[in-house]
Amino acid sequence: MIPDGRTPVFVVTGFLGSGKSTLVNHLVSREKDSLVIVNEFGEVPVDHHLIEAAQERVVALPNGCLCCRLRGDLEETLIGAAMRRRRGDIAGFDRVIVETSGLADPGPVAQTLFADQALARDFKLGPIVTVVDAADAGGRSSAAAIARAQIASADVVVFSKLDRAPDPSTAKAEVESINPQAALLEARFGQLDPALLTHPKMGTYPIFRAGAPHASSIRTFILGFEKPVKRELLERFLAVLVELRGADLLRVKGVVALEGGQSVLVQGVRHVFDRLRPLEAPATGLVFVANGLGKDEVAALWRAMSTLQASAMSCQKM
Amino acid sequence: MFLNMKLLAHHTLNGFGGMGEGMAMQLARDGRRVLWLAHESAPKNFTAVDVSDPRAPRVIAQTDLPHAQMRSNSLEVAGDLMAVAYQVTQFGLEPAGFELFDISVPEKPRSISFFDASGPHSRGCHQLWFVDGKTVHMACADPELKPHNPKDDQIYRIVDVSSPSRPRAVGRWHLPGTMQGDDAPPPPRLAPKFDAGFRAHNTNVYPERPDRCYLGYLDGGIMVLDISEPSRPRLVSRWTNSPPYNGFSHTVLPLFERELLVVSDESVMDHAADWPKLVWILDARDERHLVSIATLPAPPLDAFRSRGGRFGAHNLHENPPVPGAWKSDQVVLGTFFNAGVRAYDLSDPYAPREIAYFVPPAPEGSPAGSVQINDVFVDDRGIVFTVDRHAGGLYALEMKL
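Going line by line, the protein sequences match chains A and B.
The first sequence begins at 1 in the working numbering and counts up by one.
The second sequence begins at 1 in the working numbering and counts up by one.
The hints are simulated quantities; they were obtained by calculation from the structure and are not laboratory data.
None of these values were measured; they are calculated from a predicted model.
Just so it is clear, CB atoms sit at the ideal spot from N, CA and C, and this is done for glycine as well.
Hints may be right or wrong, so weigh each one.
To give a feel for the contact side, a few chain A residues facing chain B, derived at Cβ under 8 Å [stated by the list, open to error]:
1. 86
2. 88
3. 282
4. 283
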């Protein structure tokens, strides 16, 4: 086994007022060796005052939106934290929890971790946790695109304020229609077993539900592979897909078996993909959460490329 | 300080927590796991700790040395036999050599025999390797030899203990030019400040290559010896980093299937005065031509050199070929004195990565003012056991990878 050793970065996102800070407070109280990075949209750093525990480890980024204006600061904060840990200036931490702005698309945080080699040496993307207010479906409609992106990116969706929701089934149906692959958890007063975040049941629906209703144009599907694939072909396929429709790839994730016996973890958000990392796990195919892009188109591209490559190889043999 | 390692238990060993570089696990007949530990200095000889539950280690035996001018420092266990090294502080003192014990009842270790290596030019045995129950490979003086320089007294020696009550010396090797009567000219010494001597340290022999000894030889670098004829070991190859480095090559860990050697130096001066002391990765595809391809990324010098005591490389987990020991050719663990115990991923041998570490706080009573992590042993449950040189005793850690 090739050990990883990198520290996971949990991304906790969710719409304004959904209960992110309450959840983060609870996580920090249960998982003491966490480094929490809080980000707010606006001039007044409100949320970090709500983080009650581990004050000395809290790094607040009070200026602007994490996803657009403060990406550089997140990199610096993480690299600085790794350096301080290595030097013994701080004791250490087992995970990082990034609480994004309520108006942030979490995708760029993931992209930062994939694309920055210095960062990727010490950190890896952990679960993207999206907090959804079960009692306030209407509030999300004020910035529907961002709310949908947050749900579409999620590995885990945590429903909050269930005690106040007259009918949480509406919120659940909304999430399932956007991202049926996400694990669905419930938090009352922000309380949740942190182990569920690191070892969630992988999706409410282990296999994508055919015919699931979709919100707007977001599609979720699995591209399976009948047999192990060539690494070079997989890399080219992903590159072409990104070139053609990168902006619409809200989340791509899966384990793919390669020729030669190795399996690799594929992870991508929009235009940015992590390098293929060896992983000892059963192949799952590639799970897509995409905007305006269906399985037929993606499967057609794969078929075309694999056929053309096979043809090219037979020509070379002649 | 930690990364992917968590403290399970800490035991100061009844107030005698100054530990050497002998750590070996016995899988006792009654199912217990007993960790045997050599002390760094008198008055204690060795301590046995029941670590069946690594969260609740218990001292079950602790023995005393006959006098204060000696130390055990090193021990090894093979089945119910244990070999313990004895090194004296002055030439000519006794006992110098090693002692064999029957540890079938761990609470009552019973002496079986003593191999005497004392003499006017001997400080006895500093380190030994004993994994097959038949042969002790050791860094020990030979009373028949007289070194040109007294620092060069301990050589590589092979002792047959297949009859445990009658240990019998069967072979030896020393760096040519270091003993009187040699035809070879004396090797050039390091600068006086760093001259630690040309003598053997770790003497590892593995079942994968029973005809090879992987030998650390302090200022002489490392050697691969052909021991297919134990009475006449022959040099296959030698690799040295000093000068320009500052000597004290300590351990050679072969990763056979990877065709790599992992070589540790030992830091022997406080405040990193002999820096850099590193762990080296050698390409051993051709054992006659060893090539250095990388070093393990060291903790930052400026952050550690002034923390007290030594800082730099020392012992490795040596994949001992015995039941109960963890073996890996992907992950290497080493000890770095005040920078604790550290684990490295060698999946890319050209670019090793640090993946875990644990640095305990300064133990109470430590003269160094910092922890001085001295040795490490990992069992086949993945529990990392590590010891402090002066006062801290034993730390049991869980490695989360």
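Ascending list of hint numbers which this structure does not respect: Failing hints, ascending: 3 and 4.
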